[in-house]
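**Q** Protein chains in written order, with our numbering: chain A, 21 to 416; chain B, 21 to 416.
Be careful, since some hints might not be right.
Any copy will do: because identical chains look the same in the list, a pair fits if it lies in one copy or spans two.
As the list claims (entries may be wrong) - Only pairs whose alpha carbons sit at most 35 Å apart, straight line, appear in this in silico DSBU-like list of lysine-lysine:
#1 336 with 127
#2 336 with 240
#3 127 with 199
#4 198 with 127
#5 95 with 71
#6 240 with 71
Don't read these hints as lab results, they were simulated from the structure.
Each chain, letter by letter, is given below.
Protein chains: 2
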Amino acid sequence: MTLSIQKSTKLDFQPLHQCIPVTFRYDVRFTTGLFEIDNPLLAEVMAADGKPGSKRAIAIVDSGLLRYHRDLLDKIKAYSERYQDAIALVAQPLIVTGGEAVKNESKLVNPIHCLVNRVGLCRHSYILAIGGGAVLDMVGLAAATAHRGIRLIRIPTTVLGQNDSGIGVKNGINAFGKKNFLGTFAPPYAVLNDFNFLRSLDDRDWISGVAEAIKVALLKDPDFFEFIATHAKAIALRDMEAMQQVIYRCAQLHLDHISGGGDPFEMGSSRPLDFGHWAAHRLEHLSNYRLRHGEAVAIGIALDSTYSYLAGWLRKEEWQHILDTIGAIGFALHVPELTFGSLFQGLSEFREHLGGELSITLLQSIGKSIEVGEVDISLYEQAISLLSAWRSLAVS
Amino acid sequence: MTLSIQKSTKLDFQPLHQCIPVTFRYDVRFTTGLFEIDNPLLAEVMAADGKPGSKRAIAIVDSGLLRYHRDLLDKIKAYSERYQDAIALVAQPLIVTGGEAVKNESKLVNPIHCLVNRVGLCRHSYILAIGGGAVLDMVGLAAATAHRGIRLIRIPTTVLGQNDSGIGVKNGINAFGKKNFLGTFAPPYAVLNDFNFLRSLDDRDWISGVAEAIKVALLKDPDFFEFIATHAKAIALRDMEAMQQVIYRCAQLHLDHISGGGDPFEMGSSRPLDFGHWAAHRLEHLSNYRLRHGEAVAIGIALDSTYSYLAGWLRKEEWQHILDTIGAIGFALHVPELTFGSLFQGLSEFREHLGGELSITLLQSIGKSIEVGEVDISLYEQAISLLSAWRSLAVS
Numbered sequence: 021m022t023l024s025i026q027k028s029t030k031l032d033f034q035p036l037h038q039c040i041p042v043t044f045r046y047d048v049r050f051t052t053g054l055f056e057i058d059n060p061l062l063a064e065v066m067a068a069d070g071k072p073g074s075k076r077a078i079a080i081v082d083s084g085l086l087r088y089h090r091d092l093l094d095k096i097k098a099y100s101e102r103y104q105d106a107i108a109l110v111a112q113p114l115i116v117t118g119g120e121a122v123k124n125e126s127k128l129v130n131p132i133h134c135l136v137n138r139v140g141l142c143r144h145s146y147i148l149a150i151g152g153g154a155v156l157d158m159v160g161l162a163a164a165t166a167h168r169g170i171r172l173i174r175i176p177t178t179v180l181g182q183n184d185s186g187i188g189v190k191n192g193i194n195a196f197g198k199k200n201f202l203g204t205f206a207p208p209y210a211v212l213n214d215f216n217f218l219r220s221l222d223d224r225d226w227i228s229g230v231a232e233a234i235k236v237a238l239l240k241d242p243d244f245f246e247f248i249a250t251h252a253k254a255i256a257l258r259d260m261e262a263m264q265q266v267i268y269r270c271a272q273l274h275l276d277h278i279s280g281g282g283d284p285f286e287m288g289s290s291r292p293l294d295f296g297h298w299a300a301h302r303l304e305h306l307s308n309y310r311l312r313h314g315e316a317v318a319i320g321i322a323l324d325s326t327y328s329y330l331a332g333w334l335r336k337e338e339w340q341h342i343l344d345t346i347g348a349i350g351f352a353l354h355v356p357e358l359t360f361g362s363l364f365q366g367l368s369e370f371r372e373h374l375g376g377e378l379s380i381t382l383l384q385s386i387g388k389s390i391e392v393g394e395v396d397i398s399l400y401e402q403a404i405s406l407l408s409a410w411r412s413l414a415v416s
Numbered sequence: 021m022t023l024s025i026q027k028s029t030k031l032d033f034q035p036l037h038q039c040i041p042v043t044f045r046y047d048v049r050f051t052t053g054l055f056e057i058d059n060p061l062l063a064e065v066m067a068a069d070g071k072p073g074s075k076r077a078i079a080i081v082d083s084g085l086l087r088y089h090r091d092l093l094d095k096i097k098a099y100s101e102r103y104q105d106a107i108a109l110v111a112q113p114l115i116v117t118g119g120e121a122v123k124n125e126s127k128l129v130n131p132i133h134c135l136v137n138r139v140g141l142c143r144h145s146y147i148l149a150i151g152g153g154a155v156l157d158m159v160g161l162a163a164a165t166a167h168r169g170i171r172l173i174r175i176p177t178t179v180l181g182q183n184d185s186g187i188g189v190k191n192g193i194n195a196f197g198k199k200n201f202l203g204t205f206a207p208p209y210a211v212l213n214d215f216n217f218l219r220s221l222d223d224r225d226w227i228s229g230v231a232e233a234i235k236v237a238l239l240k241d242p243d244f245f246e247f248i249a250t251h252a253k254a255i256a257l258r259d260m261e262a263m264q265q266v267i268y269r270c271a272q273l274h275l276d277h278i279s280g281g282g283d284p285f286e287m288g289s290s291r292p293l294d295f296g297h298w299a300a301h302r303l304e305h306l307s308n309y310r311l312r313h314g315e316a317v318a319i320g321i322a323l324d325s326t327y328s329y330l331a332g333w334l335r336k337e338e339w340q341h342i343l344d345t346i347g348a349i350g351f352a353l354h355v356p357e358l359t360f361g362s363l364f365q366g367l368s369e370f371r372e373h374l375g376g377e378l379s380i381t382l383l384q385s386i387g388k389s390i391e392v393g394e395v396d397i398s399l400y401e402q403a404i405s406l407l408s409a410w411r412s413l414a415v416s
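Kindly generate the complete structure, drawing on both the sequences and the hints.
**A** This is the structure in structure tokens:
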């Protein structure tokens with residue numbers, strides 16, 4: 021575009037239409053024993069940025085890991101010494117307390133910024149974030165806002181982190197009592213999923229992360245749902261191979277949705293992957309976070325599947341198969357908070373979150389979803405009664 | 021992609037390659053008297069988002085404006101009442117002190133987040149940022165990090181804001197004594213350039229903003245440089261029509277560079293638009309910000325043009341024409357800080373900013389640039405001597 025300068029004295033400045041195409045690329049890699057001395061993956065990923073020499077990096081580590089992986093800091097140190105041609109760890113790892121609490125304290129972002137400044141990281145340096153979803157979310161915000169974005173390598177250590185929250189494009193911390201009030205969309209430089217970290221998860225966290233896999237399978241992949249249904253007992257009994265396959269396929273489906281869904285940075289109002297989430301977010305809040313995210317999502321999925329059946333969308337056999345599978349994995353299908361009148365405030369909060377218009381995802385069949393703009397509260401009340409009776413029904 | 025679940029017991033999880041194409045679009049519009057009651061532009065821009073009804077918005081106003089535009093707040097109020105079908109101003113405008121100081125105080129981002137929370141803005145609400153480049157940078161960071169990005173309408177009120185900093189994709193505040201240490205890449209929802217605000221600029225700010233126009237003309241558009249050279253005296257004498265054309269073409273060239281330059285979010289190391297900027301940033305610092313950004317950039321352009329001549333790239337006549345034009349607009353070509361030995365620390369700071377490798381943009385001719393990976397300090401010292409003598413040379 022080389023418009024000539026206007027010569028006329030009557031000036032009429034037409035709008036300039038800006039259009040910026042940007043392509044974000046990153047790999048999600050799978051390994052076992054990322055910091056074992058004979059595992060070159062991390063060094064290879066850092067060496068592959070096209071620049072010669074050792075890359076400056078800092079590591080932020082979830083303190084929860086150190087209880088089970090007592091030698092993790094020693095291993096990180098030994099690893100960076102072994103691969104010093106690729107990695108220059110320029111500071112001791114920064115230990116932060118994991119869990120949702122790490123996101124409730126905006127002051128935790130600041131120490132990371134201080135460290136970035138103190139060791140003089142530039143935009144082409146690396147931050148390694150090692151931990152659960154909450155730590156990755158918090159470190160992600162710090163990395164995205166220092167120098168307008170330092171390269172972030174996410175090393176998620178939970179099922180939920182490896183198959184959903186840790187592989188996507190969001191970060192955030194809570195503020196003003198609101199979940200993820202502060203955050204940005206910022207794709208990572210790479211994601212390295214180390215299955216070994218999953219061994220130290222407690223049973224609740226092991227199971228909890230499967231909820232998002234059930235969700236995305238129900239929305240997009242009936243074969244995957246059948247895999248989960250078939251392996252439900254094995255997963256519940258901590259079969260690592262079954263879990264690895266669940267994580268891999270779930271991650272793949274999530275990545276495909278982000279890249280191919282047409283709205284990776286959620287500029288529009290549709291949120292098809294939030295199936296079951298209006299109730300889940302509300303249940304987390306109503307239970308004072310006694311319920312973990314995945315546990316609440318499992319109930320939310322059960323509720324919206326039951327509503328889909330009662331509304332005439334979903335066949336009875338499929339509905340029952342869904343609830344049986346969720347139960348077989350080990351999830352509760354009903355909690356007292358489901359009967360709180362204020363549960364349905366979750367619908368208006370969800371509408372507000374979407375930007376003013378309600379859009380609820382329901383199931384037409386396993387693997388096929390539909391979005392509706394309004395729902396029938398009395399039908400939801402029936403659905404809750406059915407869930408409440410489910411265990412006795414299942415036994416009968 | 022619908023890979024089947026692996027059936028083999030030997031699990032081999034191939035890397036998942038994520039590729040996310042995102043297209044950011046926004047318009048830069050030009051007007052005079054944006055908040056005049058008979059100017060529908062702002063209301064039209066907010067109505068054009070495809071959603072019915074009045075859009076919730078807050079306004080952040082640069083206090084510097086109110087000295088000259090005493091009725092601005094009344095006008096904004098009257099405007100939102102007149103166009104209430106499109107705009108719902110849900111709070112009194114928040115007044116913030118303008119100038120670079122606004123970026124040195126991270127506590128100013130927080131009141132905006134508090135306001136967003138208090139009035140319950142969602143991601144599809146609007147923040148109107150009205151002011152100079154520093155206010156736009158600070159408000160931009162606040163808007164980009166609340167709810168992972170509230171729609172930002174920038175209303176730049178300075179030449180520099182309207183032709184460069186206010187139309188691009190960056191925001192930021194200073195921290196740890198470093199310029200723009202904290203910030204993100206976040207395209208605005210729209211930019212509305214109101215020429216009327218330029219009337220109240222003092223002469224230094226009026227002139228200062230022309231430096232980036234000279235820069236981009238030298239890099240990309242010889243005809244535009246000739247326009248500036250021909251109208252240099254008129255611009256210096258505050259000819260509004262000449263200035264409007266300078267702003268329009270400069271904005272167009274900057275927008276084209278961002279969209280077509282291949283690296284809008286600066287993930288690589290090349291920064292071709294930073295011609296003259298290594299010295300400019302350093303001179304701003306060495307002068308304790310006595311020099312305004314544009315004044316420092318003008319000297320940086322003069323210095324790197326002179327170096328380009330001495331290094332044998334640029335013809336003598338073109339070099340002289342460049343320096344004559346910069347001088348005719350009213351810029352000084354030399355300041356005492358140029359002779360400080362620590363000036364050249366600016367080169368290493370610039371290299372660090374780029375991510376480890378130096379890349380300096382020089383001129384081959386007016387409109388044609390070249391990047392070099394190293395420079396000759398002794399040649400720069402000669403260039404500084406030439407600039408120091410320029411006024412006497414020009415007179416002789």
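**Q** When Cα atoms must be at most 35 Å apart, do residue 127 and residue 199 count as within-copy, between-copy, both, or neither?
**A** both (16 Å within a copy, 21 Å between copies)
**Q** Should residue 95 paired with residue 71 be assigned to within, between, both, or neither, using CA atoms and 35 Å as the limit?
**A** Answer is within: at 26 Å inside a copy they meet the 35 Å cutoff, but 54 Å across does not.
**Q** First find the shortest C-alpha distance between residue 336 and residue 240 inside one copy, then the shortest across copies, and answer within, between, both or neither for a cut-off of 35 Å.
**A** within (19 Å within a copy, 67 Å between copies)
**Q** Are the CA atoms of residue 336 and residue 127 at most 35 Å apart within a copy, between copies, both, or neither?
**A** neither (50 Å within a copy, 56 Å between copies)
**Q** Cα distance capped at 35 Å. Does residue 240 pair with residue 71 within a copy, between copies, both, or neither?
**A** between (39 Å within a copy, 29 Å between copies)
**Q** 35 Å Cα cut-off: does residue 198 pair with residue 127 within a copy, between copies, both or neither?
**A** For residue 198 and residue 127, the Cα distance is within 35 Å both inside one copy (16 Å) and across copies (20 Å).
Hint 1 from the list above is the single one not met by this structure.
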